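A.B. asks: Go ahead and model the full structure; you've got the sequences and the hints to work with.
Note that the protein sequences, when read in sequence, are chains V and U. Under the working numbering, think of the first position of the first sequence as 1, with each following residue one higher. Under the working numbering, think of the first position of the second sequence as 1, with each following residue one higher.
Derived from the structure by calculation, the hints contain no laboratory data. Fair warning: this is a prediction, and the values are worked out from it, not measured in the lab. Ideal Cβ positions, reconstructed from N, Cα and C, are used throughout, including at glycine. One or more hints might be untrue.
Unchecked claim - 16 Å max Cα-Cα, derived EDC-like pairs, lysine to aspartate or glutamate:
id: 1; chain 1: U; residue 1: Lys-79; chain 2: V; residue 2: Asp-27
id: 2; chain 1: U; residue 1: Lys-27; chain 2: V; residue 2: Asp-27
id: 3; chain 1: U; residue 1: Lys-7; chain 2: U; residue 2: Asp-100
id: 4; chain 1: V; residue 1: Lys-21; chain 2: U; residue 2: Glu-183
id: 5; chain 1: U; residue 1: Lys-136; chain 2: U; residue 2: Asp-1
id: 6; chain 1: U; residue 1: Lys-124; chain 2: V; residue 2: Asp-27
id: 7; chain 1: V; residue 1: Lys-99; chain 2: V; residue 2: Asp-112
id: 8; chain 1: U; residue 1: Lys-177; chain 2: U; residue 2: Asp-72
id: 9; chain 1: U; residue 1: Lys-53; chain 2: V; residue 2: Glu-68
id: 10; chain 1: U; residue 1: Lys-79; chain 2: U; residue 2: Asp-100
id: 11; chain 1: U; residue 1: Lys-124; chain 2: V; residue 2: Glu-68
id: 12; chain 1: V; residue 1: Lys-21; chain 2: U; residue 2: Asp-180
id: 13; chain 1: U; residue 1: Lys-122; chain 2: V; residue 2: Asp-66
id: 14; chain 1: U; residue 1: Lys-79; chain 2: U; residue 2: Glu-184
id: 15; chain 1: V; residue 1: Lys-21; chain 2: U; residue 2: Asp-1
What the hints assert, rightly or not - Here are some chain U residues the structure puts well away from chain V; computed CB gaps all over 10 Å:
id: 16; residue: Tyr-51
id: 17; residue: Pro-54
id: 18; residue: Gln-57
id: 19; residue: Arg-74
id: 20; residue: Gln-75
id: 21; residue: Ala-142
id: 22; residue: Leu-145
id: 23; residue: Ser-167
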Amino acid sequence: CASVPPPAAGDLVALGRVSIKRPQGNDYANFIWTWHAAESRLALNNPLGQTLAELTMTATGASYRDAEGRVLSAGDADALLQDGLGWSVPVNGLVHWLKGEADPGSPATVRDADGRRTILQSGWQIELSEWQPRADGQRLPRRLHLTRPDLDLRIAISEWQP
Amino acid sequence: DGVSDLKRFLSSTTGVQGQFSQTVSGKPGTPVQISSGTFAIQRPGKFRWSYLKPYEQLIVGDGKRVWLYDPDLRQATSKQLSAALESSPAALLAGDNALDKTYTLRNLANRDGLSWVEAVPKSKESTFDSIRLGLKSAQVVAMELQDHFGQTTRVSFSGLTQNPKQSASLFQFTPPKDVDVVEE
Chain V
1 CASVPPPAAG DLVALGRVSI KRPQGNDYAN FIWTWHAAES RLALNNPLGQ
51 TLAELTMTAT GASYRDAEGR VLSAGDADAL LQDGLGWSVP VNGLVHWLKG
101 EADPGSPATV RDADGRRTIL QSGWQIELSE WQPRADGQRL PRRLHLTRPD
151 LDLRIAISEW QP
Chain U
1 DGVSDLKRFL SSTTGVQGQF SQTVSGKPGT PVQISSGTFA IQRPGKFRWS
51 YLKPYEQLIV GDGKRVWLYD PDLRQATSKQ LSAALESSPA ALLAGDNALD
101 KTYTLRNLAN RDGLSWVEAV PKSKESTFDS IRLGLKSAQV VAMELQDHFG
151 QTTRVSFSGL TQNPKQSASL FQFTPPKDVD VVEE
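C.D. replies: Here it is as structure tokens:
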């Protein structure tokens, strides 16, 4: 088939699954998260790879598109995903938390103990584990567990690229 | 031709088992995702679609409901079979013979030594535009799906056993104790 442009140089990509437990019910999806310069792109897919929805976050705002063809945009990505899919996912925070870091934009407590890192920030407790060492000496997590009184998110990352 | 081969497959096959490999690609800037595993189908309505690499994810249709189990996340969800029929073409292959009730079938040109059929879902809310099935001597050996974002999923089947003896437990799912179960 025609050669498809791979992710651009300097992009970082995480492939994984997310499950969201909340009082009204539960959501689950495969996802691909791409960091491209200052932009972050989240694609939610079903196991067979069909895209259910896509969210793009830039410094100036966020845009959303889903399989039914709906297109929405807003200043805040968390609210946008809630409007679009009804999913309460702290995507603004995840831009940093997925990489194992706190969001530099607001106060946070970070504790490291026996291979686990706990971040307390914006009302969430984020536990990070199963760290994967990287060529550049950095390390990236492959399991995240985010909890808030009314929400419980579990994330498993099967692959970091490159 | 493709359509008659598919109908022969559906009428002559009550069960099939084998391996699959899946490649998802096509959306610019998105990496190609490759996964593989095993599958089993018992018509009507029962299937087991087990991803093994690069991670484990099990989808089981027991004829009434479809279970999806993710051991890493210790999470199992189960949906009505009808609602989930769209989400897994294994359900299409395990569907009842009246395929043209839910899909418009069309012959395509032969390719890669296979006869091809295109199945366009009649219901609009499906996540894919169409499915193409590749057959060889009335056996489905390849499947291609296009979604609305330019992403194409190619699945190839191998090591096929037609109408094998299948134990009922293959198409049942009991969630392990420490797993979070959600019924929808």
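A.B. asks: Does each hint hold? Answer for all of them.
C.D. replies: Each hint tested on the structure:
1. Between Lys-79/U and Asp-27/V the alpha-carbon distance is near 12 Å, which keeps this suggested pair within the 16 Å criterion.
2. The hinted pair formed by Lys-27/U and Asp-27/V fails the criterion: a straight-line CA distance of about 24 Å is larger than 16 Å.
3. Among the hinted pairs, Lys-7/U with Asp-100/U is consistent with the structure: their alpha-carbon atoms are about 10 Å apart, no more than 16 Å.
4. Simply put, Lys-21/V and Glu-183/U have alpha-carbon atoms about 12 Å apart, close enough for the 16 Å limit, and the pair holds.
5. For a cut-off of 16 Å, the pair hint linking Lys-136/U to Asp-1/U stands: about 11 Å separates their Cα positions.
6. At most 16 Å may separate the alpha-carbon atoms for a hinted pair to count; Lys-124/U and Asp-27/V exceed this at roughly 22 Å.
7. Restraint check for Lys-99/V and Asp-112/V: the C-alpha separation of about 15 Å stays at or below 16 Å, so the hint holds.
8. Taking the CA atoms of Lys-177/U and Asp-72/U, the gap is about 14 Å. The hint holds against a cut of 16 Å.
9. For the hint pairing Lys-53/U with Glu-68/V, the CA-to-CA distance comes to about 30 Å; that exceeds 16 Å, so the pair is violated.
10. For a cut-off of 16 Å, the pair hint linking Lys-79/U to Asp-100/U is broken: about 24 Å separates their Cα positions.
11. For the proposed pair Lys-124/U and Glu-68/V, the alpha carbon gap of about 9 Å is at most 16 Å, so the pair holds.
12. About 9 Å separates the Cα atoms of Lys-21/V and Asp-180/U, which keeps this hinted pair within 16 Å; it holds.
13. The straight-line distance between the Cα atoms of Lys-122/U and Asp-66/V is roughly 19 Å, outside the 16 Å bound, and the hint therefore fails.
14. Among the hinted pairs, Lys-79/U with Glu-184/U is consistent with the structure: their alpha-carbon atoms are about 5 Å apart, no more than 16 Å.
15. Using a Cα cut-off of 16 Å, the hinted pair Lys-21/V and Asp-1/U is violated, with the two alpha carbons roughly 48 Å apart.
16. Annotated as non-interface, Tyr-51/U brings its C-beta within 10 Å of a C-beta of chain V; the closest such distance is 7 Å.
17. With a closest Cβ-Cβ approach of about 5 Å to chain V, Pro-54/U is found to fall inside the 10 Å limit, against its non-interface label.
18. Its beta-carbon lying about 6 Å from the closest one in chain V, Gln-57/U breaks the requirement of being farther than 10 Å from that chain.
19. Taking the minimum C-beta to C-beta distance to chain V, about 8 Å, the non-interface status of Arg-74/U is violated against the 10 Å cut.
20. Listed as outside the interface, Gln-75/U is inconsistent with that label: its C-beta sits roughly 4 Å from the nearest C-beta of chain V, within the 10 Å cut-off.
21. Distance check on Ala-142/U: its Cβ is at least 14 Å (rounded) from any Cβ of chain V, clearing the 10 Å threshold; non-interface status holds.
22. Look at Leu-145/U: its CB is around 6 Å from the nearest CB on chain V, not clear of 10 Å, so calling it non-interface is violated.
23. Once the 10 Å rule is applied to beta carbons, Ser-167/U is consistent with being away from chain V; the minimum gap is 24 Å.
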